[in-house]
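Place chain G on chain E using the hints.
Taken in order, these protein sequences are the chains called E and G. Quick note: the first sequence uses this note's numbering, first residue 1, plus one each step. Quick note: the second sequence uses this note's numbering, first residue 1, plus one each step.
Keep in mind that the hints were calculated from the coordinates and are not lab data. All values reported here derive from a predicted model rather than from experimental measurement. Ideal Cβ positions, reconstructed from N, Cα and C, are used throughout, including at glycine. Accuracy of the hints is not assured; some may be wrong.
[As the list claims (entries may be wrong)] Restraint ranges, calculated between C-beta atoms of paired labels, are given here: (1) G:R5 with E:E127: 44 to 50 Å; (2) G:T168 with E:R118: 30 to 36 Å; (3) E:S58 with G:G329: 49 to 55 Å; (4) G:P119 with E:P116: 27 to 33 Å.
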Amino acid sequence: MADYAKFLPQGVPDWQMPYWDSLRAHDVRVQKCDSCGAFRYVPQEICPRCHSSMATWSPISGEGHVYTFTVVRRAPTAAYQADAPYAIIHVSMHEGFRMIGSVHGIDPDAVAIGMPVRVAYDDVTPEWTILQFEPTS
Amino acid sequence: MAQLREAAIAGVYQTKQGDLSDRTQPDVWWECARGACDDAGLALGDMDGLIGPGPNGTGIRGGLPAAGLGFDLLGKPMRFHADASIGAAKSAAGLNLAAYAVAHRLAEAVVIDTAVAGPAEGYESADRDAAIAAMAMLSGPYEYVYGTTRVSDYAVLAMRHAHEFGTTPEQLAEIAVAQRHGATLHPLSVNGHRGEITIDDVLASRMVADPLHLLDCCAINQGGGAIVVTSAENVRAAGRHKAVGLLGYGEGHGHIDPNAEPSLAEWPAAAIAAKTAFELAGLSPDDIDVAGIGDHFTVNVLFGLESAGFCKVGEGGSFVEDGALRIGGRLPTNTAGGFLSFSHAGMCGLFTLIELVEQLRGAAGDRQVDDARYGYLNGTGGAMQNNFSAILGEV
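Isolated chain E (complex conformation) (with noise of 0.2 Å):
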């Protein structure tokens, strides 16, 4: 997958990486805090809420609905140009916290605020798998 000429991510500190790994293993873990159990995202250091440094990569339902979104029109560069038009959501997931992602499966224009979501996965290379989603049916 040489050829692939998107942004792939750069610069993740290892700590945020079994993140990722739960991506290419198609099985998203968030961070949950150990001690006041909220969820976080993207990965921080402390927890926003009660700011105990202590959580652990937790399974989610991968449930939500879209909350905003936009139709990107003209793109980054040419690669993601030649995908374009193309959605970007941030989803309310069931647990309480926003996530951000593609989505594919609908036309991008038939995106909806308040849409039921659900994680899907894009393997966009061996070493890397970013988050999805796909319209609940």
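Frame of chain E, contents of chain G only:
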């Protein structure tokens, strides 16, 4: 400690905004520094303080900009340097640091200068493709892998605002229309020469990231500008300009990753910045005659108005739709055109500040707002990540 003294903006200067790719950053930087000193009635050699970048802002020179200005260039030691970390708004936020230096007698003449010029290189390029690609990587890997852009970062906020409050594309477009008019009255603006636009023109411009059209987006251009800050006493003694300075100032820093914000339709950190500034000034939004609100995209202006309390959260669209932001309206805003139509070069908040200074001096010519006594300045860095608010007036 010695007795504090009032600081004021003594001089301002701007280049023609546009494509300066045939010039160098230091060349433009010095033009702006000289221009601001000339406007103040100061000599270049009076400069003894610096906020933000100097000329040749790369390598160790960029990392130690005041040192590089010392014996190397001005033939004397510099007495003060500081910087504000508020993204594109940092130069205007630097006014607070300059005022601090002058008030505490750490320096006599503090320059804030932004200069973007030279051949295509990253997000300071005049080349649109290069600039957009470089800016996309300003988000973290939890966003940019999906092909986000600075436009899409704001588009998701505009989409949520529209969903919660019914904000319409026409209301956003009115912001671009009002600001373009100001730009047509400013000979240095990047887009004034393109002439007036209508709401239909904005809606007919191509969609970049829903719901933001091309004309909802700021310019991509180069240019320079500078101000010099000294004591209000010096400004009055020079007798050239009204002594315009800071009456109040506040900051609010909200998030790096937007996932962390409780809502993407309202901005507590921006509201804290505004509340602090108004409290320190002893003024309220009703007192403000003219505003300058960071406008990378039209929707930023709504966020700025709502966060500062010019209207309630969610009512920004109806606030602007009857022409409130136009010269002659209830709250003339970004009267030179803002980032949309005046300039989005470098630390472009400085241009917003300079327009307010000209308004409060009564020197804005055809753009002059009647009886402009108090100005509100707001800047944001990133996608509503850092914010500052300042109240300006005669000190």
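Satisfaction of the hinted span 44 to 50 Å by the C-beta atoms belonging to R5 (chain G) and E127 (chain E)
violated, 60 Å
For the hint 49 to 55 Å, verify it against the beta carbon of S58 (chain E) and that of G329 (chain G).
Between S58 (chain E) and G329 (chain G), where Cβ atoms are some 53 Å apart, the hint holds.
Is 30 to 36 Å right for how far apart the beta carbons of T168 (chain G) and R118 (chain E) are?
holds, 32 Å
For the range 27 to 33 Å, tell me whether the beta carbons of P119 (chain G) and P116 (chain E) fit it or not.
This hint is violated: roughly 49 Å between Cβ atoms.
In summary, the numbered hints that this structure violates are 1, 4.
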